[in-house]
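**Q** So the sequences go chain by chain: V and F.
Following our numbering, the numbering of the first sequence begins with 1 at its first residue and continues without gaps.
Following our numbering, the numbering of the second sequence begins with 1 at its first residue and continues without gaps.
Treat the hints loosely; a few may be bogus.
You can't tell identical chains apart in this list, so a pair holds if it fits in one copy or across any two.
Said to hold, decoys possible - With a cut-off of at most 27 Å between alpha-carbon atoms, the simulated DSSO-like pairs for lysine-lysine come out as follows: (1) 33 / 209; (2) 25 / 90; (3) 80 / 10; (4) 6 / 90; (5) 22 / 10; (6) 18 / 80; (7) 159 / 10; (8) 209 / 159; (9) 18 / 146.
Read the hints as simulated data drawn from the structure, not as lab findings.
Listed here are the chains, written in short residue letters.
Number of protein chains: 2
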Amino acid sequence: MSLLSKNKIKYIRSLELKKIRKEEKVFLAEGPKLVGDLLGHFPCCFLAATSSWLQEHVSVPADEVAEVSQDELSRASLLKTPQQVLAVFKQPEYTIDTNMLRNSLCLALDDVQDPGNLGTIIRLADWFGIEDIFCSLNTVDVYNPKTVQATMGGIARVKVHYTPLPDLIGSLDNIPVYGTFLDGENMYEQQLSRNGLIVMGNEGNGISKEVEILINRKLYIPNYPQERETSESLNVAIATAVVCAEFRRQAASF
Amino acid sequence: MSLLSKNKIKYIRSLELKKIRKEEKVFLAEGPKLVGDLLGHFPCCFLAATSSWLQEHVSVPADEVAEVSQDELSRASLLKTPQQVLAVFKQPEYTIDTNMLRNSLCLALDDVQDPGNLGTIIRLADWFGIEDIFCSLNTVDVYNPKTVQATMGGIARVKVHYTPLPDLIGSLDNIPVYGTFLDGENMYEQQLSRNGLIVMGNEGNGISKEVEILINRKLYIPNYPQERETSESLNVAIATAVVCAEFRRQAASF
Numbered sequence: 001m002s003l004l005s006k007n008k009i010k011y012i013r014s015l016e017l018k019k020i021r022k023e024e025k026v027f028l029a030e031g032p033k034l035v036g037d038l039l040g041h042f043p044c045c046f047l048a049a050t051s052s053w054l055q056e057h058v059s060v061p062a063d064e065v066a067e068v069s070q071d072e073l074s075r076a077s078l079l080k081t082p083q084q085v086l087a088v089f090k091q092p093e094y095t096i097d098t099n100m101l102r103n104s105l106c107l108a109l110d111d112v113q114d115p116g117n118l119g120t121i122i123r124l125a126d127w128f129g130i131e132d133i134f135c136s137l138n139t140v141d142v143y144n145p146k147t148v149q150a151t152m153g154g155i156a157r158v159k160v161h162y163t164p165l166p167d168l169i170g171s172l173d174n175i176p177v178y179g180t181f182l183d184g185e186n187m188y189e190q191q192l193s194r195n196g197l198i199v200m201g202n203e204g205n206g207i208s209k210e211v212e213i214l215i216n217r218k219l220y221i222p223n224y225p226q227e228r229e230t231s232e233s234l235n236v237a238i239a240t241a242v243v244c245a246e247f248r249r250q251a252a253s254f
Numbered sequence: 001m002s003l004l005s006k007n008k009i010k011y012i013r014s015l016e017l018k019k020i021r022k023e024e025k026v027f028l029a030e031g032p033k034l035v036g037d038l039l040g041h042f043p044c045c046f047l048a049a050t051s052s053w054l055q056e057h058v059s060v061p062a063d064e065v066a067e068v069s070q071d072e073l074s075r076a077s078l079l080k081t082p083q084q085v086l087a088v089f090k091q092p093e094y095t096i097d098t099n100m101l102r103n104s105l106c107l108a109l110d111d112v113q114d115p116g117n118l119g120t121i122i123r124l125a126d127w128f129g130i131e132d133i134f135c136s137l138n139t140v141d142v143y144n145p146k147t148v149q150a151t152m153g154g155i156a157r158v159k160v161h162y163t164p165l166p167d168l169i170g171s172l173d174n175i176p177v178y179g180t181f182l183d184g185e186n187m188y189e190q191q192l193s194r195n196g197l198i199v200m201g202n203e204g205n206g207i208s209k210e211v212e213i214l215i216n217r218k219l220y221i222p223n224y225p226q227e228r229e230t231s232e233s234l235n236v237a238i239a240t241a242v243v244c245a246e247f248r249r250q251a252a253s254f
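The following block holds chain V by itself, in its conformation from the complex (with noise of 0.2 Å):
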């Protein structure tokens, strides 16, 4: 058991920095439920926890642990209020085969660059059985903190690529690609599939074009009522709610 020295103190906030946690090849994660929930699954390589979490908590599966004061905690977290428990994990390592996709739905984005939008959206596709998601080189790092508390543990199950879209939908033979545009046909009246993937895009540009030639099936989520004219748009981790929402219906139905 070791105390925070300032060294680590100064680490443990570096894991702000994508620089530092691909050099590192790790990723900091904070809270109980979340720690929790990423114990099982990631290595720890380091933990810091108050008296009162160590004690719930009697076999901690970590190279190392430190039993800490709030405030030493406080001054380690990144977050506003900080929550008994902080870990640095390492990152895993994932091969992309594109063959689950005759069977599996997956997600792919197109630049999402706002860290609470990926965290969330990994979080729905967790909630909906979705166990892929690939992102475009440019998409926002999975392992943002910000990213990671937002996924509410769904970064444990959820497995996510980063990889350039076009060479990868390229790839793919007779596969269903789907995206949501404004000109895309209404998606309640397609028969949407139980397999390929759905391409949602930047949150100012939507879909790139590269992308969107790659697209075979165009999908529009209706606004209502349909009749009323609109400017306006939906934020990318509600348009893919919506949608991932729809396909599963129908796939629980037919």
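Given the coordinates of chain V, assemble chain F onto it according to the supplied hints.
**A** Relative to chain V, chain F alone:
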């Protein structure tokens, strides 16, 4: 045309605080899209913009207009990346008329705490043609700058009321009042009404006991595959979107 005094910058930045917003009965909005959307809807007390924005907007309906440098704008702005224009608007005053619940679908929020969640819910309410949202008194302030920004203009079209929810719901006669619960009925197997109230709960604790007993139709958003054990949940804005989408899908198809 005035310049931006130190006092003015201090005043604008103080609108981050609910206390000041409440005293002054105003709120802050930033960016060309949002300010443009709001200018026609709310009286504008003050607007600060760069010369390029002002050149494109010859007649600005604001009590006071200041041309500012990018540097001055940055000092006044609450955004990480300030965008050409910010404006202070008068808060609207709405009256509550529950009769509208006989014909319209509305939302009620029971202590939603996150400003971004509230803003996202207002934005999606706008998309789904929901014109009124009733918030419990402990729900986050709709005029929180983060909320205003997240509405993406929806705040101009969706009326947000603050009122004790038990009193409001208790006063309703023969109106469907829905809420989502883990032990609710699969919402896809229910015939959902075109009017009434959908109650959504707090991020951590869901719907309060006082409100729960007043709900007459408990719904459940099915996860997928349904056989899967899950201890997971959906973010409140995501759950709101999935529920509203299903209400509107049914309304449009029956």
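**Q** If any of the earlier hints don't hold here, list their numbers in rising order.
**A** 7
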